[in-house]
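Visitor: Chains as they are written, first to last, in our numbering: chain H, 1 to 620; chain A, 1 to 312.
Incorrect hints may appear among the rest.
[What the hints assert, rightly or not] Straight-line alpha carbon distances no greater than 35 angstroms define the calculated DSBU-like cross-link-like pairs of lysine-lysine that follow:
| hint | chain 1 | residue 1 | chain 2 | residue 2 |
| --- | --- | --- | --- | --- |
| 1 | H | K308 | H | K97 |
| 2 | A | K160 | H | K553 |
| 3 | H | K147 | H | K453 |
| 4 | A | K15 | H | K458 |
| 5 | A | K74 | H | K453 |
| 6 | H | K181 | H | K165 |
| 7 | A | K85 | H | K553 |
| 8 | A | K222 | A | K160 |
| 9 | H | K9 | H | K57 |
| 10 | A | K160 | H | K453 |
| 11 | H | K39 | H | K97 |
| 12 | H | K39 | H | K308 |
| 13 | A | K17 | A | K222 |
| 14 | A | K160 | A | K295 |
| 15 | A | K15 | H | K553 |
| 16 | H | K553 | A | K74 |
| 17 | H | K200 | H | K164 |
| 18 | H | K9 | H | K617 |
| 19 | H | K165 | H | K358 |
| 20 | A | K222 | H | K453 |
| 21 | A | K70 | H | K553 |
| 22 | H | K354 | H | K147 |
| 23 | H | K9 | H | K72 |
| 24 | H | K196 | H | K216 |
| 25 | H | K147 | H | K165 |
| 26 | A | K160 | H | K617 |
| 27 | H | K9 | H | K39 |
| 28 | H | K164 | H | K226 |
| 29 | H | K165 | H | K411 |
| 30 | H | K97 | H | K147 |
[Said to hold, decoys possible] Some but not every residue of chain A turned toward chain H, in silico, with C-beta under 10 angstroms:
| hint | residue |
| --- | --- |
| 31 | L25 |
| 32 | E60 |
| 33 | L61 |
| 34 | L196 |
| 35 | T206 |
| 36 | G235 |
| 37 | S238 |
| 38 | F256 |
To be clear, the hints were calculated from the coordinates, so they are not data collected in a lab.
Glycine is no exception: its CB is placed at the ideal position from the N, C-alpha and C atoms.
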Amino acid sequence: MMNQYPVWKYLLLVFVILFGSIFALPNLYGEDPSVLISKRSESIDIATKDRIVDLLKQSTVNYKSLEHNDGKILIRLSSEDAQLSVVDQIKALDMFKNNNNYTIALNLAPATPAWLQSISAAPMYLGLDLRGGVHFLMEVDMDSAIKRLEDILMSDMRSHLRDKKIRYLGVTLNSNVINIKFRDADNMEQGRIALKSEFKDLEYATDEENLLVTAKLTEVVIRNEKRSAIQQNVTTLRNRVNELGVAEPVIQQQGDSRIVVQLPGVQDTARAKEILGATATLEFRLTEGTLTEWHEAEKSGHVPLNAKLYHERNGDPVLLKRRVIVTGDQINDAASTIDQQSGTPAVSVRLDGKGAKKMGETTRENVGKPMAVVFIENKVETKTIDGKDIKVRTRTEEVINIATIRDSFSKNFQITGLGSTEARDLALLLRAGALRAPVEIVEERTVGPSLGKDNIEKGFTSVVIGFVLVLVFMVVYYRTFGIFANIALTANLVIIVAILSLLQATLTLPGIAGIVLTVGMAVDANVLIFERIREELRNGNSPQASIHSGYAKAFSTIADANVTTLIAAIVLFSFGTGPIKGFAITLSIGILTSMFTAIMGTRALVNLTYGGRNVSKLSI
Amino acid sequence: MQIFKTKLEFDFMGKRKAALGISLLLIAFSIASIAIRGLNFGIDFTGGYLIEVGYPEAIELTPVRSALEKAGFKDAQAQHFGTSKDILVRLAPRNDINQADLTTQVLNVLQSSTEQTVNMRRVEFVGPQVGEELREQGGMAMLIALLGILIYIGFRFQFKSSVGAILALIHDVIITIGVFSVIQMEFDLTVLAAILAVIGYSLNDTVVVLDRIRETFRAQRKGTPLSILNLSINGTLSRTLMTSLTTLLVLVALFFLGGEVIHGFAFALIVGVFVGTYSSIYVASTALLLMNVSKQDFLEMAKDDSPVDDMP
Numbered sequence: 001m002m003n004q005y006p007v008w009k010y011l012l013l014v015f016v017i018l019f020g021s022i023f024a025l026p027n028l029y030g031e032d033p034s035v036l037i038s039k040r041s042e043s044i045d046i047a048t049k050d051r052i053v054d055l056l057k058q059s060t061v062n063y064k065s066l067e068h069n070d071g072k073i074l075i076r077l078s079s080e081d082a083q084l085s086v087v088d089q090i091k092a093l094d095m096f097k098n099n100n101n102y103t104i105a106l107n108l109a110p111a112t113p114a115w116l117q118s119i120s121a122a123p124m125y126l127g128l129d130l131r132g133g134v135h136f137l138m139e140v141d142m143d144s145a146i147k148r149l150e151d152i153l154m155s156d157m158r159s160h161l162r163d164k165k166i167r168y169l170g171v172t173l174n175s176n177v178i179n180i181k182f183r184d185a186d187n188m189e190q191g192r193i194a195l196k197s198e199f200k201d202l203e204y205a206t207d208e209e210n211l212l213v214t215a216k217l218t219e220v221v222i223r224n225e226k227r228s229a230i231q232q233n234v235t236t237l238r239n240r241v242n243e244l245g246v247a248e249p250v251i252q253q254q255g256d257s258r259i260v261v262q263l264p265g266v267q268d269t270a271r272a273k274e275i276l277g278a279t280a281t282l283e284f285r286l287t288e289g290t291l292t293e294w295h296e297a298e299k300s301g302h303v304p305l306n307a308k309l310y311h312e313r314n315g316d317p318v319l320l321k322r323r324v325i326v327t328g329d330q331i332n333d334a335a336s337t338i339d340q341q342s343g344t345p346a347v348s349v350r351l352d353g354k355g356a357k358k359m360g361e362t363t364r365e366n367v368g369k370p371m372a373v374v375f376i377e378n379k380v381e382t383k384t385i386d387g388k389d390i391k392v393r394t395r396t397e398e399v400i401n402i403a404t405i406r407d408s409f410s411k412n413f414q415i416t417g418l419g420s421t422e423a424r425d426l427a428l429l430l431r432a433g434a435l436r437a438p439v440e441i442v443e444e445r446t447v448g449p450s451l452g453k454d455n456i457e458k459g460f461t462s463v464v465i466g467f468v469l470v471l472v473f474m475v476v477y478y479r480t481f482g483i484f485a486n487i488a489l490t491a492n493l494v495i496i497v498a499i500l501s502l503l504q505a506t507l508t509l510p511g512i513a514g515i516v517l518t519v520g521m522a523v524d525a526n527v528l529i530f531e532r533i534r535e536e537l538r539n540g541n542s543p544q545a546s547i548h549s550g551y552a553k554a555f556s557t558i559a560d561a562n563v564t565t566l567i568a569a570i571v572l573f574s575f576g577t578g579p580i581k582g583f584a585i586t587l588s589i590g591i592l593t594s595m596f597t598a599i600m601g602t603r604a605l606v607n608l609t610y611g612g613r614n615v616s617k618l619s620i
Numbered sequence: 001m002q003i004f005k006t007k008l009e010f011d012f013m014g015k016r017k018a019a020l021g022i023s024l025l026l027i028a029f030s031i032a033s034i035a036i037r038g039l040n041f042g043i044d045f046t047g048g049y050l051i052e053v054g055y056p057e058a059i060e061l062t063p064v065r066s067a068l069e070k071a072g073f074k075d076a077q078a079q080h081f082g083t084s085k086d087i088l089v090r091l092a093p094r095n096d097i098n099q100a101d102l103t104t105q106v107l108n109v110l111q112s113s114t115e116q117t118v119n120m121r122r123v124e125f126v127g128p129q130v131g132e133e134l135r136e137q138g139g140m141a142m143l144i145a146l147l148g149i150l151i152y153i154g155f156r157f158q159f160k161s162s163v164g165a166i167l168a169l170i171h172d173v174i175i176t177i178g179v180f181s182v183i184q185m186e187f188d189l190t191v192l193a194a195i196l197a198v199i200g201y202s203l204n205d206t207v208v209v210l211d212r213i214r215e216t217f218r219a220q221r222k223g224t225p226l227s228i229l230n231l232s233i234n235g236t237l238s239r240t241l242m243t244s245l246t247t248l249l250v251l252v253a254l255f256f257l258g259g260e261v262i263h264g265f266a267f268a269l270i271v272g273v274f275v276g277t278y279s280s281i282y283v284a285s286t287a288l289l290l291m292n293v294s295k296q297d298f299l300e301m302a303k304d305d306s307p308v309d310d311m312p
């Protein structure tokens, strides 16, 4: 008998389509306006959750549900007004006031039913062009990072030579090479040995004739410096983004010197830029008074004259002396390490000459007393006052660490008593305060919420209209076989959506275009097959034989044609950025799935309808 | 329904000289236009600012333009975008104002020039360096795609067919880009993506024809190369037209309903589909004839039956 499929092929098809339908389903449920509360590097505990539940119960706002998952709290609400009101109410709670540890963000949470969630089915992730938001590409100024390192080295070299009483004429920088000029050959030889033993990470050379020692940063040092400059910037950006209250921010390194920042849903781009573009610095200060005095000062508002009231990250008050010991620009380096003596995580800090001197004097007199590190961010914000835009400088100060001075120290010291993540964060913040490399926005793509909505609607309409046109056309032209092709095409669309959802790929407008294009091209396989069948019929073959050879002959052509398109799509994917990638992904998935549905899917339908019996005429 | 009820016998190849003339003319014209007029590159490739705003009511361009000029944005180009309620402002990159401030300033100027509430719809900024990189990457992507396809075709088909396919491809790409140059439509990243999709599509079409040519050469004992090519093109004609038609249906839907942002993309593909359909009929097969294609070119390689008796 001709044109019959084994049972397993039917089962496979049914299984794939069922599977596809289930995983495509979450896209039909839409999204709930919601509020997402998360805590920096920690989980939110039950007590906090109960407190919020109480608040919601007392308030007049209707909330759909409250979920406490992965240490985060998600409150689903029925309207966007309720969303804003809930945020205000939560922010007014004592525990969230003055507390930078929590991020309270507006969010759109997928309203996927529980049974779908339990099999981890989730809707596609919408790109910024569809949901609105900001995309920044920032470039870290590596040249100035390297320049800073060289400046530090030069000043350290000068003081080292002075300490060793070696006479030199000058230390200058000439296109990334440090030149140290000496008075005579004797001093030069001594200097070379002294520098080599102290500054080991450099490449040295001597120029006997000109009494010159040259030193150059090695590739390894430069690479490490660049890596840490970018890491430091990623961390500071991450901290600042928390402040914006964005639910699903993306902050990622791209290439050697760039950082991508994506903030879905952010509408006030001016404010976002101001916050991201803030500059940070650090101050080391001694504390004033005792813990009880700090709390009293917070309550009464009476602060001793020589002190100032600060807060820690968690909102606890601290009194610090007004006199600043060392500022951020005097920090040469900070790194998280392991304390040699106790074996616990620590942060090692290295100061420059001036800072070392002041730190030495202060610590000698204050052994056993606590010292605090204040992290300061300066921002320029534009505020509208009396209808005029006024630039306001704001300054946020936060105590990031308090440690007891165990011994007098100057140039190099360690901050101990930290957890390992705490040590890493502190080292990064210290370096951020030292501001070793400025960043600059080199690309921005912002989509307002109204355009995002338009894009979704238009994209969706064009898919539907294009799809329906093709369906009608196929039925008119190929009759019964056209219906088979249409069923396959629909299944193809469902499977594409399912795969995109499963991959959690980002759907963009060009991505939708890719789907539309796939719809147009997916019928190609069927057209090829059906035209072949018609040709075979015209040549006088029997219907069954025509079906058989139609599919057989068309197959290699279909494969060739699709592979070439796939090559173009893969190149697009590897070279394209953002939106172009989206197009390439949907196009590639569409090509692969269409091979399955258009060949195997339609064949199954044809076999079910015509296979295994006497057919005198085909409706094609 | 069928477009062609009977077996087709159009003498396509008989008119190949006229077709060759038209193709050469179009290519020459495209290259001349690209060389002289150049392409109207979008900010993706040139660097610069693009600010799209929406108004509740239709807005006149003149006050907007004069407000921008007064505020010192002399090179700003303002135009309606899609509807008379939307305005698109373009600015070249500049060094005197900080990037973050510039867009805010422009938005403020736009707001102050009207009573209506200005709604920010889109802001794009591409730094000059990024623009240059995107341009380089784009050119590179095109070359790699061509190369990858060349390798695949060379592997699947005979040498002469590969040359024909690549010629058809270059033909399509040059003419599509040429159209963008002639009408000075904006050429941005999405258009580049469309051109790469055109490469895929055009090849798809050509491969189907080449496949049939190979099959016919092997199946037919008699007949001149010219008649065999004609037979093959006729055999695939209704498929070529059908697929082009369905693809065009969705592209037209995308062009008219997909929104302004996707316009250039859809347009490039529409042009590409037209040119690609034409080239799959004429360019590859004419090239084959010019290279004196014969049955020998398509005979399957003799199997290597030599015994491996020299093995120990």
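Visitor: Evaluate each hint against the coordinates.
Guide: Hints versus structure:
A hinted pair counts as satisfied when its Cα atoms are at most 35 angstroms apart, and H:K308 with H:K97 qualifies at roughly 19 angstroms. Taken as a hint, the A:K160 and H:K553 pair is honoured in the structure, with Cα atoms around 23 angstroms apart against an allowance of 35 angstroms. Under the criterion of a C-alpha separation no larger than 35 angstroms, the hint pairing H:K147 with H:K453 is inconsistent with the structure, at around 46 angstroms. Pair hint A:K15 plus H:K458 does not hold up; C-alpha atoms about 43 angstroms apart against a cutoff of 35 angstroms.
With a C-alpha separation of about 33 angstroms, the suggested pair A:K74 and H:K453 falls inside the 35 angstroms cut-off, and the hint holds. With a CA separation close to 15 angstroms, the supplied pair H:K181 and H:K165 stays within the 35 angstroms bound. Annotation: proposed proximity of A:K85 to H:K553 is violated, straight-line Cα distance about 54 angstroms (limit 35 angstroms). About 21 angstroms separates the Cα atoms of A:K222 and A:K160, which keeps this hinted pair within 35 angstroms; it holds.
Distance restraint check for H:K9 and H:K57: the Cα-Cα separation of roughly 55 angstroms exceeds the 35 angstroms cut-off, and the hinted pair is therefore not satisfied. Restraint check: the Cα-Cα separation between A:K160 and H:K453 comes to about 50 angstroms, which exceeds 35 angstroms; the hinted pair is violated. With a CA separation close to 14 angstroms, the supplied pair H:K39 and H:K97 stays within the 35 angstroms bound. In summary, the hint linking H:K39 to H:K308 is supported, as the alpha carbons are separated by about 27 angstroms, within the 35 angstroms threshold.
Between A:K17 and A:K222 the alpha-carbon distance is near 24 angstroms, which keeps this suggested pair within the 35 angstroms criterion. For a cut-off of 35 angstroms, the pair hint linking A:K160 to A:K295 stands: about 12 angstroms separates their Cα positions. Note on A:K15 and H:K553: the hinted pairing holds, with a Cα-Cα distance of about 29 angstroms set against a maximum of 35 angstroms. Distance check on the hinted pair: H:K553 and A:K74 sit about 64 angstroms apart at the alpha-carbon level, beyond 35 angstroms; violated.
Restraint check for H:K200 and H:K164: the C-alpha separation of about 17 angstroms stays at or below 35 angstroms, so the hint holds. With a C-alpha separation of about 26 angstroms, the suggested pair H:K9 and H:K617 falls inside the 35 angstroms cut-off, and the hint holds. A C-alpha spacing of about 23 angstroms is found between H:K165 and H:K358, which places the hinted pair at or below 35 angstroms, so the restraint holds. With a C-alpha separation of about 62 angstroms, the suggested pairing of A:K222 with H:K453 is violated against the 35 angstroms cut-off.
Distance check on the hinted pair: A:K70 and H:K553 sit about 69 angstroms apart at the alpha-carbon level, beyond 35 angstroms; violated. For a cut-off of 35 angstroms, the pair hint linking H:K354 to H:K147 stands: about 19 angstroms separates their Cα positions. Restraint check: the Cα-Cα separation between H:K9 and H:K72 comes to about 45 angstroms, which exceeds 35 angstroms; the hinted pair is violated. For the suggested pair H:K196 and H:K216, the alpha carbons sit about 12 angstroms apart, so the restraint of at most 35 angstroms is met.
At most 35 angstroms may separate the alpha-carbon atoms for a hinted pair to count; H:K147 and H:K165 meet this at roughly 27 angstroms. At most 35 angstroms may separate the alpha-carbon atoms for a hinted pair to count; A:K160 and H:K617 exceed this at roughly 41 angstroms. For the hint pairing H:K9 with H:K39, the CA-to-CA distance comes to about 51 angstroms; that exceeds 35 angstroms, so the pair is violated. Between H:K164 and H:K226, the direct Cα distance comes to roughly 32 angstroms. Compliance with the 35 angstroms bound is thereby established for this hinted pair.
Taking the CA atoms of H:K165 and H:K411, the gap is near 20 angstroms; set against the 35 angstroms cutoff, the hint holds. Of the supplied pair hints, the one linking H:K97 and H:K147 is violated, its CA atoms being roughly 41 angstroms apart against a limit of 35 angstroms. Evaluation of the A:L25 hint against chain H yields a violated restraint, the C-beta minimum of about 27 angstroms exceeding 10 angstroms. Below 10 angstroms, beta-carbon pairs count as interface contacts, and A:E60 has none with chain H, the closest being about 21 angstroms; its hint is therefore violated.
For A:L61, the shortest C-beta to C-beta distance to chain H is roughly 20 angstroms, which exceeds 10 angstroms, and the interface hint is violated. Checking A:L196 against chain H by beta carbon gives a least distance of about 5 angstroms; that is within 10 angstroms, so the hint holds. Because the smallest distance between the Cβ of A:T206 and any Cβ of chain H comes to about 9 angstroms, under 10 angstroms, the interface hint for this residue holds. A hinted interface residue such as A:G235 counts as satisfied when its beta carbon comes closer than 10 angstroms to some beta carbon of chain H; here the least separation is about 7 angstroms, so the hint holds.
The closest approach between the C-beta of A:S238 and any C-beta of chain H is roughly 6 angstroms, which is under the 10 angstroms cut-off, so the hint is satisfied. Proximity of A:F256 to chain H holds as hinted, the smallest CB-CB distance being about 8 angstroms (cut-off 10 angstroms).
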